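K.L.:
Residue numbers (this note's numbering), protein chains in the order written: chain A, 700 to 920; chain B, 68 to 384; chain C, 2 to 674; chain D, -16 to 467.
Honestly, I wouldn't trust all of these hints.
[Claimed, not checked] With a straight-line cut-off of 20 Å between C-alpha atoms, the simulated EDC-like cross-links for lysine to aspartate or glutamate are:
#	chain 1	residue 1	chain 2	residue 2
1	A	918	D	346
2	A	918	D	284
3	D	347	A	920
4	D	347	A	919
5	B	118	B	280
6	C	383	B	129
7	C	619	C	471
8	A	918	C	645
9	C	619	C	609
To be clear, the hints were calculated from the coordinates, so they are not data collected in a lab.
Note that the coordinates shown come from a computational prediction; the quantities given were computed from them, not determined experimentally.
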Amino acid sequence: MPPVNMATQVVQMLAGALLLISFAMLAERRSRRLLILLVWQGVVLVTSTVLVAASAHLTHLYYSAALTLLLKVCVLPLILFRLMRKLGIERDNEPLVNVPTLMLVGLCLVIFAFGLAQPVTALATTVLRKTLGIAIAVILLSFLMILARRKAFTQVIGFLSLENGLFFAATTTTYGMPMVVELGMALDLLVAVFIFGIFFFHIREQFDSLDLDQLESLKED
Amino acid sequence: MTAVAYVWQVGECLLAIALAPLFAGWVGQCRAWLQNRSAPPLWQPYLILRKLFHKDAALATDASWLFRLAPYVVFSTMVVAAAIIPSVTTDLPLARVADAIALVGVFATGRVFISLAAMDIGTAFGSMGARREMMVGFLAEPALLMVLFSAFMTHGSTALPEMVEGLLSQPHIVLHPSLFFSGVAFVMVLLAENARLPVDNPSTHLELTMIHEAMILEYSARHLALLEWASWLKLFNYACIGFALFMPWGIALHGASAGLLALAIAALLAKLVVAGAALALFETLSAKLRLFRAPEFLTMAFLFAVLGLLVYLLLGA
Amino acid sequence: MHVVSALTTTTPLTGLLVLVASWLLIGALGLVQPNRIGWVARTLFPLGALVALGVAGMGAMSLTPGFAAQSSVLALGLPDMPFHVRLDALSGFFLLLLGSAGAGISIFAAGYFRQGEGTAPGLLCLQYHVFLASMALVVLADDAYLFMVAWETMALSSYFLVVTQHRIPEIRRAGFLYLLMAHVGALGILLSFGVLQGGSWQMTFDAMRAAHLTPAWASAAFVLALFGFGAKAGLVPLHVWLPEAHPAAPSPVSAMMSGLMLKVGVYGLLRVSWDLLHAGPWWWGLLTLGLGLGTALYGAIFAAVQTDMKRLLAYSSIENIGLIFAGIGLALLCRSFDMRLLAALALAAALIHSFNHAFFKSLLFLVTGSVMHATGERSLGKLGGLIRYMPWVAALALIGSLAIAGLPPLNGFVSEWLLLQAFLQTPRIPHAFLNMIVPLGAALVALTAALAGYVMVKFYGVIFLGQPRERALENARDAGWLERFGLSWLALGCVLIGVFPQVALDVVGRITLQLVGTTVRRGPSPWWMTPITSSQTSYSGLWLWVGLLLVIGATFVLVRRIYHGRVRRTPPWDCGYPWQTPRMQDSSEGFGQPIRHLFGPVFRMQRELPHPSDPKPKYRVLVQEHFWHQLYLPLARLVQRTAERVTILQGGRLSTYLLYSFMTLILLLVWVL
Amino acid sequence: MEILLVLGFPLLGAALLAMVGAKRYAAEVSVATSLATLLAAALLVLRIIRHGPMTAWNEEFFIDPFNVFLVALTALVGFTTAVFSRPYMRIEASHGRLTPGRLRLYHSMYQLFMAAMLLALTTNNMGFMWVAMEMATLSTVLLVSLYRTRGSIEAAWKYFILCGVGIALALFGTALLYTAAEDLLGGEGMGALLWTHLNAVKGQLEPRVMGMAFVFLLVGYGTKVGLAPLHNWLPDAHAEGPTPVSAVLSGLLLNVALYAVIRCKILADGALHSTLPGHMLMGFGLLSTVLASFFLWRQRDIKRLFAYSSIEHMGIITFAFGMGGPIANFAALLHMTMHSLTKSAIFFAAGHATQLSGTQRMDKIRGLLTIHPSVGWGLMLGGLAILGMPPFGVFTSEYLILITAMRDHPWATPVLLVALAVAFGAIFSRLQPMVYGDTDDKPLPHSPALVPVFIHLGIVLMMGVYIPPALAEWYRLAAQLIGG
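Just chain A, with the same shape it has in the complex (with noise of 0.2 Å):
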């Protein structure tokens, strides 16, 4: 069992603070706010990256940190913000189901992913490891975030907040992929923004809105 030294007591309340994030993402209404949003996470996913790196000193990591700060806290946000402004969405858009009801759910979810993690962090040989519920608990809201929104723009952003999510998990509690597949995964998630990108374009011309309810007619009856 490592000492409990700083770092990682500030990774732990870092894994607080995505957790957090994650449940305004799934309150807040506002596209915009919502990407503002995202990016934090990305922000604090580098940080806490970062000081994983320094506290094992994986010089891999901090290729990975600067990675995602390239990619999740610039790139992507401002590829969504131009996307955002050009298609002019930023209007409120209401959940399927209400907020509070959407709150207590991911309590709930919560829960469960920790309960999920108990014993996997109960044997955990890093420190870190414990931090594997959170992580958990962060893919399973957005997850929520994604089924509950009627817009196609907030489902990418739910996704993308998956992904660091993922991410996140993938850093903390196995000191990060090898490099090369993250560099795939990377390109992949690169590539994926893209083609969401098009298709806003593409749904809107078809269904000149980004309206989700209008993409129902494919159905057996």
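Fit chains B, C and D to the supplied structure of chain A, relying on the hints for placement.
P.N.:
Just chains B, C and D, lined up with the frame of chain A:
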């Protein structure tokens, strides 16, 4: 199988052929008496045959070969049947050729042919009669078969001669309750099969009700003669079956002497007299059924026969 | 010639494989010039007939006394379970049936198939010969896999033949129903085999013979087999496809399906219940017997009310299959009480009846084919009087009708005689209840046989006798020589078995020896049949023929002698009614009337009776089956409703879909926790 | 070396076609690329047959009988599909449904898709496998939305989101896998994600983590396999995309996804020492089979119909893998092959059928036999084959699966049989009126390419009655590898 046996075989056939019209005449005469009519002579049927054989045959324009073939087939089936049935002696070489089941089959063959012939001309009555005949047949046939079966159960053989011998070999008369049912069923079948009241009336041409007569409407002269003869033979055969099953006394067994055989013939004649009178009486007393009722009558017969079988299986007697 | 000698030198099994292969080859050759009728019909089909004769010959060789079962393994099939083939008496018998009847049908088909009827002749030729080959393979198969493959190929090829005229919607519907039922039945058979191998995961029949099943599993296997093979053979209530599919097909195909394919179903049941399974409880027999008798009566009743000649024949096939199953059931029953002789007798009856049915039913179906070609009519209401325009077909059809009606001295009577004899022995069954109930089966058999007579008089009389019900019929022409040849071949079969029943009994004896371990008592000579004891029962087809012909001849001669023989042709008398029209004859509906009256509850009838004051009165009666409306349609509705419920899952809303995967994830996580 | 070729050709082709894809000869280029890939795959197969399993490029790639046969299958179907799509796309263009730009996108994305699948199959690194799967998703999303109709956009979006989320879950599963393996194989370097290494130490992997990891991987990759209730994207994507894409989706992508699932199952089996993963697969399999067979009853769109049938068959295969054991695995692999060959053949024929009648509504498609016999026969025979009618090979595998089920899980057999019977009734009742009867449709502007259809069906037919010993041996080896 001695040569004598074969002689008797042929002799029995000829006897049947010869006696059949007489039996029919006797029944007719009894009926006339019972109905206070002046009776035709006993040999009336022979006169009819003679008359018919002297007429010119009038064939419908588009009668096919089947129409002309049928009378011969029907007649022959009845003769073959007569050869199988032990009316005088049980020492019949041919009886082994076809047992009771085959006998029913032979009757059926005759029926099918006469029905087909009736349909051949394509007149309204012909086809109607054919249908009715087959309707009667498909119920009467299994009934007869069931009667024979319960007899088989009691005597342990489907060959009629064996049955008779089985029955005669018993020291004292055994009463089989099953045979009562079979007997009733058999009488009903006999009436139906031979176009007798209450199912059919041989002595009318009332178009809407007739069965047998409707089928032979188009026949004349020699064909008609053969068919009439065949029908009389049929009646005779049925009577003989009845005797063989229910009152076989007097029938000569294997290797019986000439005297016994003469006795057997006498016994046969006696039985015929009684049976003819009884038949006439029954016919006089019973009224013609509506045609729709006929199937029910026959179903009754069938059920009685099956009942007889069941009773035998239950009581073992 | 050289080929023939080569075949005879090789063992029957290899010879058979070669023959089957050559069937396939002939079929493939049909695709060379699919539309040249001269090539396909006049060349290939006769070749197929020759091959069929070869198959029959090989089958016959396997039935000779000195023959021991041969088996071999092919280089085909699955890696772990290659194709096993085996030729023993049972399969040999059915090959004999297949070949001898098939030859006649093929010859007929050579004259029958013409240009421009739905599928191209070449393709028909392919499907036709694949059908034949697959049936032969089913009979030869010695492992479950080959059996199933051949079995389903048989169903498939016959399906394609059924939908030859696919432009007609009813025919498509019939084809669908047929293949669906065939497939469901095949699933049942597959399950049965799965149970039969009983733990040894060898799917060969040898392994199944060796396997020892618990009574429960054995019964399961038997019931499944009865279901599967019954569905193919047309056992009530699995028969619904049969009256639809058989009429839909071209007549030679109907003949093959009715005459041959149903027998393959019978073979399957025999193989499973007698060869693969060991003796089981008596209720197997009672079940089969009951179903068989029910089917027989049901088929006969429905045949009597049909107005379409091919449907009528189809129902009559159901009836005959019922009789065959009754025989098998009786045999099973006796086996369970170890009454060898009786079992052998019943089994022999069933087998000979299969053989007979193959001949006369094929004959009659082919006859309907000729009639349809000559008149273009299928409905009995539009036929009549053809005996004058098609004397050949009429004469041969008469033989077929008499035979199927079970009249002596033809072959149909022989098998029914044996069956009745078997029933007569049943009081000796050592079971207080059965020995009372089973003999009553004889009553049902008798009733069925009599009804068959009724049906056949209707069939023959309405088609060939009386006045033509349509003007057009008068320019109907008799069938061509190839068709006549085929018909005559089958008719000859009917007569020969009728004349020499003991020969058939001897042949079948080889099988009863294999399956039951004994044969019925041999007659003193080939023309005497005394299956039990000579005193109890005896029948001689030959002497009956001689007797009948003798008497007919004698009568004829005598009448000629005493009669002057003047004949006058006059219009029919008919009680002196002045004018006659063909419409005044009794129609097929009229013939159905007594049956409808007597067995009313069995039918589901819709009648349109004319109103007394109706200017142009119209009478219509539609007879349907209860099974269809009370068993099959509800089943279909159930599936339909379930489908409606299920489709709710695909609601079209993305969030819902995500919710599904979300819940799945949560549930699985809970599961692993 | 061969691996490099196998992956290189499609990548090069994708790049090349991205430039020249709009030209007239683009289709030929695509065909050539696929042919080259096929030959490379053949070389690879030969090498494996000669030298047995191999790893390459410091163990980043790993070829064993299991995946090499999938590589061969993928290359083959990829090639035939390319051959098919040449005339098909030409007809589409002449019907005015596609612009040259779209054609370029189509050809290049098609090759990219092939490359992604081949990478997913050949890589030894679970991370790369994930990357490749994501790549395949992205490329197919673009292919599905090729027509830019409302329907295709909607379908593509649903596909994208569902599979994207699913894939993300799979990534988390991979991360957990890494976590579990890290302590044993060391976090530095790549060791902890190499399947071979994991497989070597699977016995000691931490069970709870592995259990969780397997759940995430199963749900993730299972979404792409189309296991109910994760299947909802599948019918839409198949129905709305161009037919060649439907063919490769059904024929290949599902297989590849299933391959990933099975690789994970092998590890999970070793780690959990329990039948849990097997039971999960069986559950998914049965559920998918039954649900799909009932879905089939309500279909009006021909491509949706066969999409659901794909779900059904994927269910059967998954069930078989779940049962495990040499026979079941053998049957499952065989069924994979048979299904992808048959189903792609069906989609080829169905594609031309829709072009003939100008609609995918089955009640509008009539009388194929009369207007275009080869299309009609292709559809009919393909349909019968996919319904498990002997002598087609699909029956072989279903037969093996059924008898294994009867032995190991008798309770499941009736369920399967009911599903099969229902599916039979549903599909065949739709198939018949389309193939038979009369029609007034007009023949096609260009002659259709039905050679692939009959090649596929020919192979399927052969496998029904005769499996070459070499092939059988190969399947057996693969089955042993999967074990369970």
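K.L.:
Does residue 284 of chain D lie within 20 Å of residue 918 of chain A when you go C-alpha to C-alpha?
P.N.:
Given pair residue 918 of chain A, residue 284 of chain D holds - Cα atoms ~11 Å apart, limit 20 Å.
K.L.:
Do the alpha carbons of residue 918 of chain A and residue 346 of chain D lie within 20 Å of each other, as the hint requires?
P.N.:
18 Å, holds
K.L.:
Has the given pair, residue 347 of chain D with residue 919 of chain A, been kept, meaning a C-alpha gap of at most 20 Å?
P.N.:
This hinted pair holds, its Cα atoms lying about 18 Å apart.
K.L.:
Keeping to a limit of 20 Å between CA atoms, is the pair of residue 619 of chain C and residue 609 of chain C held or broken?
P.N.:
Distance ~8 Å between residue 619 of chain C and residue 609 of chain C Cα, so the pair holds.
K.L.:
Would you mind confirming whether the straight-line C-alpha gap from residue 918 of chain A to residue 645 of chain C stays at or under 20 Å?
P.N.:
Holds, at roughly 13 Å.
K.L.:
Can you confirm whether the C-alpha distance between residue 347 of chain D and residue 920 of chain A stays at or below 20 Å?
P.N.:
18 Å, holds
K.L.:
Given the hint that residue 383 of chain C pairs with residue 129 of chain B, test it: the Cα-Cα distance must not exceed 20 Å.
P.N.:
19 Å, holds
K.L.:
Within 20 Å, alpha carbon to alpha carbon, are residue 619 of chain C and residue 471 of chain C?
P.N.:
18 Å, holds
K.L.:
Does the alpha-carbon distance linking residue 118 of chain B and residue 280 of chain B stay inside the 20 Å limit?
P.N.:
With Cα atoms ~18 Å apart, residue 118 of chain B and residue 280 of chain B stay inside 20 Å; holds.
Going through the hint list in order, the structure satisfies each hint without exception.
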